[in-house]
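Chemist: This is what each chain is made of:
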Amino acid sequence: MAKTEPSDIAPEVVAALEAILLVAVEPVNVKLLAQVLEQPTSVVEVLCNRLATSYDEAGHGFQLVKVAGGFRLQTRPELSSYVERFVLDGQQSRVSSAALETLAIIAYKQPISRQQISAIRGVDPESVLRTLQARGYISEVSRDDGPGLAVLYGTTPLFLERLGVNSLEDLPPISDFVPDAGVVEALEAGLRVVPDSTTATADTND
Amino acid sequence: MAKTEPSDIAPEVVAALEAILLVAVEPVNVKLLAQVLEQPTSVVEVLCNRLATSYDEAGHGFQLVKVAGGFRLQTRPELSSYVERFVLDGQQSRVSSAALETLAIIAYKQPISRQQISAIRGVDPESVLRTLQARGYISEVSRDDGPGLAVLYGTTPLFLERLGVNSLEDLPPISDFVPDAGVVEALEAGLRVVPDSTTATADTND
Amino acid sequence: MPYAVTTPVFEGPFDLLLHLILQEEVDIHEVSLSRIIEAYLAELERMTEMDLEVATEFLLIAATLIDLKARRLLPTRDDGELDEELALWEERDLLLARLLDCKTFKDVASVMHDLIERAELTHPRLAGPDERFAAVMPDLLEGVSPRRLQRAFLRATEPKGPVSIDLFHVAPIRASVAEALEFLVGQLPSLGRVSFRQLIAGVTDRIEVVVRFLAILELFKQGRVDLDQAERFGDITVTWNNNPDGADLAPIDNYDG
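Protein chains in written order, with our numbering: chain A, 1 to 206; chain B, 1 to 206; chain C, 1 to 257.
No lab work stands behind these hints, which were simulated from the structure alone. Warning: the hint list may mix true and false statements.
[Said to hold, decoys possible] The calculated SDA-like cross-link candidates involving lysine to any residue, where the alpha carbons are at most 20 Å apart (straight line), are:
{"hint": "1", "chain 1": "B", "residue 1": "K109", "chain 2": "C", "residue 2": "S145"}
{"hint": "2", "chain 1": "B", "residue 1": "K31", "chain 2": "A", "residue 2": "R85"}
{"hint": "3", "chain 1": "C", "residue 1": "K106", "chain 2": "A", "residue 2": "S97"}
{"hint": "4", "chain 1": "C", "residue 1": "K106", "chain 2": "A", "residue 2": "L168"}
{"hint": "5", "chain 1": "C", "residue 1": "K221", "chain 2": "C", "residue 2": "N241"}
{"hint": "6", "chain 1": "C", "residue 1": "K106", "chain 2": "A", "residue 2": "L129"}
{"hint": "7", "chain 1": "C", "residue 1": "K106", "chain 2": "A", "residue 2": "Q110"}
{"hint": "8", "chain 1": "B", "residue 1": "K66", "chain 2": "C", "residue 2": "E131"}
{"hint": "9", "chain 1": "A", "residue 1": "K109", "chain 2": "C", "residue 2": "A201"}
{"hint": "10", "chain 1": "A", "residue 1": "K109", "chain 2": "C", "residue 2": "F220"}
Isolated chain A (complex conformation) (with noise of 0.2 Å):
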């Protein structure tokens, strides 16, 4: 059988692409779309990426992006301000910044337990994981295998989709926010265990 090449594709399947991703009501993975236009997903692909770039260079107030893991159509940026007017209900409650920090950490870490999220913040995140379960942020993943069989968390499509990420990989990497040295020095300081005579004179030699 001869490879399909993208440019061999008949308008008509370009067009119905266009009428799926109106209908669809969550990002529509490639998978999905090909088995519907009955075409290999690497075409499929190139048709959503060029459809987009279209989009782009019409100057249309929608745009084709890749979120969650599938594509979805949405409005551009730049005019929030005008379908801001429009939709009125859209508004999301602010997420505080305790839910914030604790999705931060479920997003790298996950699978997580809320005993390890604890270790780390310093604080019980219960009542903030049941806020980030209930706007369906994160969910429960799976049980440990330890003896407590403690629940553990993991974030949700739901997540990506608020975050505007096609993927977990897509969030910067963890390394991009280890402390500087400057901060580790600084907190080693204020941490200081040695007595304050040897290292008053130790400082100069670095």
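Guided by the hints, dock chains B and C onto chain A, whose structure is given.
Modeler: Chains B and C in isolation, oriented as in the chain A frame:
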């Protein structure tokens, strides 16, 4: 005052029009569009018609049509076989218990806002509302006259049809409801201090 | 019913400690620790509506800080209570590791905040298929009777009791010194001489590095290894002591992660 001609309109306004049409769930009437875009209705009418023509000419998979007194984006009729396949392939076929609970709350308490549902269930119903609305079981029936002008949801004739009842009055009443043994038990469990292993298995699904 | 565990200003003891050390820029060469302790105690006093668990955490850390300070004020003896000093370093390192973790995720959280803000400028299409497709849509309500709808309503509106037994306090601590010891005793004899860096190769969790370090200190305490560090912040060389008196490893304290 000089009359605004559609030809003088900034491209941003056209893009904003597209953005609004994209997020609108129901057909949007020209008056509302004019208000949000801060343009005369006559101009908006012309812009809409021009946009509709340009979509046709470009061979997009969607079209802009005037239905029920407003404009809406919809899929092109020739592509309905693809859309049907997508609708059939891509979705689960049974209502989840979360969706059923949300639907029940809307059925009995309509008109009701997302915030009110959230307050009852302790869970943000956003994604469930999306599904129920996409299935045509609920629709936006009005706007709250409070400060947020929150969208209020109600059930549709399709919902009654699928449930096999004639009208909302035919739903089993809840007002004269006396808590049965299960609820009394749950209340007692809520007050119990000592953990009880039976609570873990007491979850009765219908 | 849930209770709020936040004080108005600080979200937990690490938050406060980080703030004091990093933002207050207390004079770190002079009185840092005592200033920190003072502020800590003041914060503790300020927490009028005390949550027992949070207050305990605050107290625990305040106590650790006071301990650190107290020992700094004592003159060092050269013969040195080595065990005590090691214990002190252990405490400090654990605290430091937790503080660094806390700081890391605070910074991540602010990036996430920005991502969310940016994402909120866009709005997805949510309209779904129009009524022309109503007939094709699979009936989600198949088999749902009015009676079942009523039950769902009652379930949704009934007061929520506790749904599960809280196992928080028995949840396992992943990084245990005992396990790290076991690992090291398995590895070290065949390695002979090895750098600490090699021993933690592939370990990504900071707390695990700390725990492995504590295990090394424990082995040192028991005379099983010799340690050598050529320069400050330099790599530590660990040498397995081949002929100890043949005794089994002494029982060790467990440290909370």
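Chemist: Could you run down the list of hints and mark each one as holding or not?
Modeler: Here is how each hint holds up against the structure:
no.: 1; hint: B:K109 - C:S145; verdict: holds (18 Å)
no.: 2; hint: B:K31 - A:R85; verdict: holds (14 Å)
no.: 3; hint: C:K106 - A:S97; verdict: holds (9 Å)
no.: 4; hint: C:K106 - A:L168; verdict: holds (18 Å)
no.: 5; hint: C:K221 - C:N241; verdict: holds (12 Å)
no.: 6; hint: C:K106 - A:L129; verdict: holds (17 Å)
no.: 7; hint: C:K106 - A:Q110; verdict: holds (17 Å)
no.: 8; hint: B:K66 - C:E131; verdict: holds (14 Å)
no.: 9; hint: A:K109 - C:A201; verdict: holds (19 Å)
no.: 10; hint: A:K109 - C:F220; verdict: violated (32 Å)
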